Amino acid sequence: MKTILSTVIVLLFGLQAAVAEAADAYVPKVYGKKGYVWDEMTPERVQVLKQKGDPVNGKEAFRGCQGCHKSDAAGVREGVYPRLSGQHASVLIKQITEIRAGIRKNPKMLPFVQDPAISVQEIGDIAEYLSTLTSYRENGKGPEDLSAKGEKLFMTNKCYTCHGKHGEGNAEKSYPVVAAQHYGYLIREMNLIRTGVRGNSNPDMVKAISGFKQSDMDAVADYLSRLPDYRTVNATPNPALVVPESSSAAK
Amino acid sequence: MKHKTNSNGLQVCTFIALICVLFMSAAHAETMQSNEAAASEVAAAPTPEAAASEVAATPEATAPEAPAVALSPFEERLQLCAGCHNPDGNSIIPENPRLAGLDKKYILIQLRDFKSGDRTNATMSAIIQMVDEKEFEDLAKYFSGQKRQISVSEKPELVEQGKQIFEEGVIGSAAPACMGCHGEDGSGDAKFPRLQGQNAQYVVNQLTNFKSGERANDAKGLMRAVAKRLNEQEMAAVAEYMSTLKEAE
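First to last, the protein sequences are chains A and B. Mapping the first sequence onto this note's numbering, position 83 (from 1) lands on 89, and the numbers just tick up by one. Mapping the second sequence onto this note's numbering, position 42 (from 1) lands on 264, and the numbers just tick up by one.
Treat the hints as calculated values from the structure; they're not laboratory data. If you're wondering where the values come from, they're calculated on a predicted model, not measured in any experiment. Virtual Cβ for every residue (Gly too), placed ideally from N, Cα, C. Treat each hint with caution, since some may be false.
Said to hold, decoys possible - Straight-line alpha carbon distances no greater than 20 Å define the calculated EDC-like cross-link-like pairs of lysine to aspartate or glutamate that follow:
no., chain 1, residue 1, chain 2, residue 2
1, A, 65, B, 406
2, B, 327, A, 195
3, B, 337, B, 354
To be verified - Each pair of labels, with its calculated beta carbon distance range:
no., chain 1, residue 1, chain 2, residue 2, range
4, A, 150, B, 367, 37 to 45 Å
5, B, 454, A, 202, 48 to 56 Å
6, B, 375, A, 114, 25 to 33 Å
7, A, 78, B, 471, 54 to 62 Å
8, B, 411, A, 114, 22 to 30 Å
9, B, 411, A, 111, 52 to 60 Å
10, A, 201, B, 436, 36 to 44 Å
11, A, 238, B, 378, 40 to 48 Å
12, B, 395, A, 220, 22 to 30 Å
13, B, 375, A, 69, 49 to 57 Å
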């Protein structure tokens with residue numbers, strides 16, 4: 007009994023020392039853990055958002071990413087590597103800074119995005135560059151067309167309130183574009199977000215998707231993968247993408 | 223491991239480097255894609271190719287005691303490098319890199335890193351001690367201006383697997399495609415060196431050293447992160463493929 011007691015005491019002291027040591031380091035607050043705040047403004051993210059992204063620099067810095075995301079940033083059809091072209095800069099910045107901070111788990115990519123592989127300035131540069139990229143290859147789609155079922159689920163579960171009726175997301179609120187993304191990637195992320203493994207799940211999205219069976223996720227993923235690039239949908243013109251020559255006609 | 227023994231052997235004969243190297247060149251000449259430079263390099267050795275190229279042989283190579291024309295200090299220096307890297311920078315010794323067509327800035331960084339000890343190799347670290355830092359600029363300029371030769375492989379299955387790795391990476395271990403950084407035809411630039419036509423054994427040695435951390439002068443640790451995700455078999459395959467890679471038109 008005495009030995010057990012002293013072991014416990016020793017362990018407690020050890021634990022305390024470990025906690026004290028880690029106190030000065032930034033501790034990522036992950037989904038499901040105490041203190042998790044969705045959309046936390048980490049110091050690095052604040053810094054990136056303050057500076058102006060330079061797309062020319064971004065193109066150069068993106069060379070180190072091309073081995074996985076490919077030179078047109080359209081990723082791979084199987085969805086192992088997601089399409090990044092045309093994603094909102096605010097979303098890219100949120101994801102990259104959260105991956106660097108250890109909030110979103112992505113060990114495969116970490117060595118290539120962590121400091122010093124890319125600098126804080128380069129995060130914003132790359133995001134600016136990618137958000138303007140229009141070219142993309144044919145994306146990966148589901149094995150059979152389930153878009154009718156998928157669309158219904160997407161609307162009835164209010165997914166569109168955040169991701170938009172055309173899957174266009176919301177740049178201001180950092181909600182990602184989900185249209186024309188690879189099917190395999192969409193399924194994986196829904197699972198990772200729902201189970202919290204991704205680390206940066208949005209709690210309201212977790213609620214919205216909690217009743218989904220795997221077959222429901224397959225259908226939604228298929229539906230989203232078959233949507234056109236949101237910027238080509240007339241109903242949601244993006245002023246940033248209107249080319250100067252045609253601007254008079256648009257007015 | 224294998225290349226270390228080899229390098230140590232070479233270090234022993236650093237002062238008679240040229241003799242050593244001529245000997246090795248002769249041994250390797252038949253297995254390599256021949257070029258005039260290689261042929262003139264082995265002119266002193268009794269091989270049929272050497273005899274055939276006697277006309278093309280430089281006076282320095284055949285009669286070092288009595289050069290027909292006085293060599294400039296730069297030309298003399300170049301002879302030291304040529305012994306291991308060939309006069310045109312297309313080394314035919316498997317462990318020695320081809321310098322031809324490497325970016326000037328990249329060569330300069332490597333020479334400085336060998337000098338400072340940031341990059342080490344028994345042979346090259348010993349050689350660099352004989353070279354003054356003031357000479358680096360001209361050497362880098364010369365070798366970067368040479369045309370890179372490519373090799374012919376006799377291992378088609380290995381080449382095929384290597385092409386896959388070069389273009390797609392390795393999905394299982396998440397090794398990124400080499401093409402992403404080094405360019406679609408491996409022609410590279412100052413940041414990501416030219417790999418096209420590079421000697422396969424040299425490439426395997428570098429990948430092994432990046433993986434173990436023995437070579438750690440890659441900016442931002444990018445190449446170490448890649449090499450950690452390759453196994454020995456994948457290294458051999460991608461190296462074989464790159465040695466045959468043609469420059470895009």
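(request) Would you pick out the hints that fail for this structure and give their numbers low to high? (result) Hints 2, 4, 5, 7, 9, 13 are the ones this structure does not satisfy, whereas the remaining hints hold.
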